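Since the structure of chain X is already known, use the hints to place chain Y on it.
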Amino acid sequence: MDIIMCGVGGQGTVLTSRVLGEASIKQGYEVRTSEIIGMAQREGPVVSQVRIGTRLDGPLIPEACADYLLGFELAEAVRNIDKLDARGQALVNTHMVVPPTVYLGISKYPSEQLIDYLKEQTSGLVFINANELAAQAGSNKAVSAVMLGAFTALCPDIAETILLEELLARLPERVQELNTCAFKLGKEFVEGETR
Amino acid sequence: MAKQLLLGNEAIAWGAIAAGVKVATAYPGTPSTEIFSTLATQAKYYGFHAEWCVNEKVALEVAYGSAISGARTLVTMKQVGLNVAADPLLSGTYLGVKGGLVLVVADDPGPHSSQTEQDTRQFASFAKVPVLDPSDPQEAMEMVMEAFNISEKYHLPVILRPTTRVCHVGQDVNLPEIIIRDSEARFEKGGDWVIFPSVSLRKHGELLENLKTMGQEFSNSRFNYQEGQGEYAIACSGVSYHYVKEALQRLNMIDNTEILKISTPYPFPEELAAQFLKKHEHLLVIEEQDPVLEDAMLRLAGKIGLHLQLSGKHDAMVPGTGELNVDLVTRVIANWSGKELESKSITAKPELPIRRPILCAGCPHRASFYAIRKAAGKKSDAVFTGDIGCYTLGMMPPLSAVDTCLCMGAAITQAQGIGRAEPGRQAIAVLGDSTFFHSGITGVINAVYNQYPLTLVILDNSTTAMTGFQPHPGTGQTATGEIVAAIDLQKVLEGCGVTFIKRVDPVNLKEAVAAVKEALAYDGPAVIIMKRACINLPEAKGSAPVVIDMEKCKDCGLCVTEIGCPALVMETGQKPQVLESCAGCGLCIEVCPFEAILGGDN
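Chains as they are written, first to last, in my numbering: chain X, 1 to 195; chain Y, 1 to 602.
So here's chain X without its partners, still in its complex pose (with noise of 0.2 angstroms):
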């Protein structure tokens, strides 16, 4: 099982990678991971990639190869949407981070055709607003925890229970109560989308 994370710096994509990482070696599969820190780091894309399985090789996903995109951002998603299989899900957060190359003229951020472009791409589809979820739990910076929480309702392979409980072994215990909230409240929303 290949997943593609995709989002802006800051957003918690690494921890999101790590946390699946760990989940998946606790219920006795291999796993490899890769990310680029360091000059990509400050607002820049970032993208984490997680393969899951049995007997895994390289730590790169192939083109078209992803069965799940988690989309940390709306640009970001459509940025790496060729990673995703054609029967692949994806999950796309609409929160929007517009960088300042917009405001500054440089390049343009059309919403509209990018959330089109998306539906047109993919059949397996769910967009939802994290960031909104998220404060809706407590704190605007618990997005991991809502794409996390969706995520399951997504996907059966990984259970539910070992994810909340590696992603709040990672939190300082002040946070852990509103991060499993955001962590149900994504669930349920994916839940409702695709009933």
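Careful: at least some of the hints might be erroneous.
Derived coverage of chain X by chain Y (criterion: at least 3 residues anywhere in the stretch with Cβ under 8 angstroms from a Cβ of chain Y; other residues may be distant) [to be verified]: (1) 6-19; (2) 65-79; (3) 100-114; (4) 122-135; (5) 182-193.
Think about it this way: if two alpha-carbon atoms lie no more than 25 angstroms apart in a straight line, the pair counts; the simulated PhoX-like pairs of lysine-lysine are [claimed, not checked]: (6) Y/K517 with Y/K502; (7) Y/K3 with X/K26; (8) Y/K212 with Y/K128; (9) Y/K278 with Y/K212; (10) Y/K575 with X/K108; (11) Y/K98 with Y/K212; (12) Y/K379 with Y/K517; (13) Y/K212 with Y/K261; (14) Y/K531 with Y/K374; (15) X/K141 with Y/K541; (16) Y/K261 with Y/K339; (17) X/K119 with Y/K344; (18) Y/K531 with Y/K517; (19) X/K119 with Y/K349; (20) Y/K3 with Y/K128; (21) X/K108 with Y/K349; (22) Y/K153 with Y/K98; (23) Y/K261 with Y/K203.
Quick list of the computed label-pair ranges, beta carbon to beta carbon [unchecked claim]: (24) Y/D255 with X/R170: 55 to 63 angstroms; (25) X/E63 with Y/T480: 40 to 48 angstroms; (26) X/E63 with Y/I354: 17 to 25 angstroms; (27) Y/T480 with X/Q27: 33 to 41 angstroms; (28) X/R170 with Y/L341: 39 to 47 angstroms; (29) X/P156 with Y/N174: 33 to 41 angstroms; (30) X/P156 with Y/N335: 34 to 42 angstroms; (31) Y/D182 with X/Q27: 50 to 58 angstroms.
Since the hints were made in silico from the structure, they are not lab data. All values derive from a computational prediction rather than experimental measurement. All residues carry an ideal CB built from backbone N, CA and C; glycine is no exception.
Chain Y only, in chain X's frame:
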């Protein structure tokens, strides 16, 4: 022990701990940094010494001193760091070591976060140092342990060369058992530790003999092997090994291909490679960066008189630049073996926003660059010589305040060269505090000695930010958390003979601009220290976001277009907005001509 998800860099650190490392040194650099960061967190518990050094040359020399005293020693750096450490490496290889000395030098094909795509395997063969090339974190961990054994057996430094896709790849790794061993190091006088022409000649001969024996031994190394069988033959190394295996599966060629995996590119395991070459007339070599295996195989074929059709980088079958990946390798193998690949039709994507890495909201460098530009004046054609760090991003519009960036410390020296070649042209050098300690000081001394009227701005943000906030000599903290006396930049500069030194807070724009103007007018080397902690440090608490008084705001947009802060946005025809990422530094307050922005630090 249970399997754990470890990054390649973490796995290398644990391998070194299991191998009984006693001294670890490093200078941070992507993608190598987390090897040492992991070691630093474990140093006290496992009883070894770990230190961030001032630069890679110093790190290797400290490590070498420990190694000739008999201690197992690890030194880590990124590939360009080895350029800095080349001097002790080449001499140290002649003299050799007593305790195992392993250099982990991380390469960055792509490059993702580096100046060059240089290949450390080439550097190793130039320096006559054995090099191991891991393909994944598990192997990197096992190889670092083996590297210590090789180093002690042959009394030579050994390089482990992981690449970005080993360093920053996570894998379920079997941690080795760690037994804490007591070992005492002692420097014995009277050994061959003085490099001297006659000693060098003798040692060079011994070194060549050693490498020959080692090359023979490497043919039996468990890290080098032939795998599978069939009419096709592919040799590979590093992470490319995994790309090749996966590509062969995708092309249904895995049962009809023999793979040769070479993990010791230097010295080259000729015997093993010869067995492989003799079986196949058509071969493909897949490796990242330089054609190291390919050259070694061509040389070997010539030596043993084989006529081969060897494809790789020399016939452009494999790209000569950039990083490989499984898709690229699949296309290369298909092309080489004459297989057709299905081509997928792709709908054109809508225009996507350009998202470049930028300075954080509240980053003190933004204020510094703005002040420098203001001081130079709108019509100024001053050259801004920049350096390596987050502040290289000052080149991006709208700041556009970095015209050059070459290597660590070169801002200071390049400015001097530009001024010498074009007398009268203003050149302002800008570099960070950690870079100044790394290799800026000698450039300042050069300016003072040669009477060059240097204008230098040191961006002192109290950390090594780009690589993840490591301490340095100016921070008063060591790698393992000891509090020590901080080295005062001002005193260093005074000691170097600089007579104009000013320290300002860059967010205090008027003062900062005035200081740079004064420095530019000063007859002689002048240094401005722009001091303000990196916004990501705990001591830089930040303030509440600024507030825009919408009645005073005249929609001029200067706050957005002048400084390019990611926390200030403005849709066409609307008023500017402050996002919650605003750290309240208040630079925009100083920029607004209508006093419409309130709050902030000032």
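Going down the list of hints, with the structure as the test:
Beta-carbon proximity to chain Y at under 8 angstroms applies to 4 residues in the segment 6-19 of chain X; the threshold of 3 is reached and the given coverage holds. Chain Y is given as covering the segment 65-79 of chain X, and this holds because 4 residues of the stretch bring a CB closer than 8 angstroms to a CB of that chain, at least three being needed. Proximity of the segment 100-114 of chain X to chain Y, defined as three or more residues with a beta carbon under 8 angstroms from a beta carbon of that chain, is established by the 12 residues found. Counting residues of the segment 122-135 of chain X whose beta carbon lies closer than 8 angstroms to any beta carbon of chain Y gives 0, which falls below the threshold of three, so the coverage claim is violated.
Counting residues of the segment 182-193 of chain X whose beta carbon lies closer than 8 angstroms to any beta carbon of chain Y gives 0, which falls short of the minimum of three for the stated coverage. With a C-alpha separation of about 12 angstroms, the suggested pair Y/K517 and Y/K502 falls inside the 25 angstroms cut-off, and the hint holds. In summary, the hint linking Y/K3 to X/K26 is supported, as the alpha carbons are separated by about 9 angstroms, within the 25 angstroms threshold. For the suggested pair Y/K212 and Y/K128, the alpha carbons sit about 11 angstroms apart, so the restraint of at most 25 angstroms is met.
Annotation: proposed proximity of Y/K278 to Y/K212 holds, straight-line Cα distance about 21 angstroms (limit 25 angstroms). For the suggested pair Y/K575 and X/K108, the alpha carbons sit about 18 angstroms apart, so the restraint of at most 25 angstroms is met. For the hint linking Y/K98 to Y/K212, the alpha-carbon distance of about 20 angstroms falls within 25 angstroms, and the restraint holds. At most 25 angstroms may separate the alpha-carbon atoms for a hinted pair to count; Y/K379 and Y/K517 meet this at roughly 14 angstroms.
Restraint check for Y/K212 and Y/K261: the C-alpha separation of about 20 angstroms stays at or below 25 angstroms, so the hint holds. The suggested pairing of Y/K531 with Y/K374 holds, with an alpha-carbon distance near 18 angstroms, which does not exceed 25 angstroms. Distance check on the hinted pair: X/K141 and Y/K541 sit about 18 angstroms apart at the alpha-carbon level, within 25 angstroms; holds. A hinted pair counts as satisfied when its Cα atoms are at most 25 angstroms apart, and Y/K261 with Y/K339 qualifies at roughly 23 angstroms.
For a cut-off of 25 angstroms, the pair hint linking X/K119 to Y/K344 stands: about 18 angstroms separates their Cα positions. Between Y/K531 and Y/K517 the alpha-carbon distance is near 17 angstroms, which keeps this suggested pair within the 25 angstroms criterion. For the hint pairing X/K119 with Y/K349, the CA-to-CA distance comes to about 12 angstroms; that is within 25 angstroms, so the pair holds. Note on Y/K3 and Y/K128: the hinted pairing is violated, with a Cα-Cα distance of about 36 angstroms set against a maximum of 25 angstroms.
Our distance criterion of 25 angstroms between C-alpha atoms is met by X/K108 and Y/K349, whose separation comes to about 13 angstroms. For the hint pairing Y/K153 with Y/K98, the CA-to-CA distance comes to about 9 angstroms; that is within 25 angstroms, so the pair holds. Between the alpha carbons of Y/K261 and Y/K203 the distance comes to roughly 32 angstroms, so the proposed pair goes past 25 angstroms and is violated. Taken as a hint, the range 55 to 63 angstroms is violated for the pair Y/D255 and X/R170, whose Cβ atoms sit roughly 42 angstroms apart.
A beta carbon spacing of about 44 angstroms between X/E63 and Y/T480 agrees with the range 40 to 48 angstroms that was offered as a hint. At roughly 22 angstroms, the beta carbons of X/E63 and Y/I354 sit within the given window of 17 to 25 angstroms. A hinted range of 33 to 41 angstroms holds for the C-beta pair Y/T480 and X/Q27, which are about 36 angstroms apart. A hinted range of 39 to 47 angstroms for the beta carbons of X/R170 and Y/L341 is consistent with their spacing of about 41 angstroms.
Separation of X/P156 from Y/N174 is about 28 angstroms and departs from the stated range, judged on CB atoms against 33 to 41 angstroms. Taking the beta carbon of each, X/P156 and Y/N335 are about 39 angstroms apart, inside 34 to 42 angstroms as hinted. Y/D182 and X/Q27 have their C-beta atoms about 40 angstroms apart, which leaves the hinted 50 to 58 angstroms range violated.
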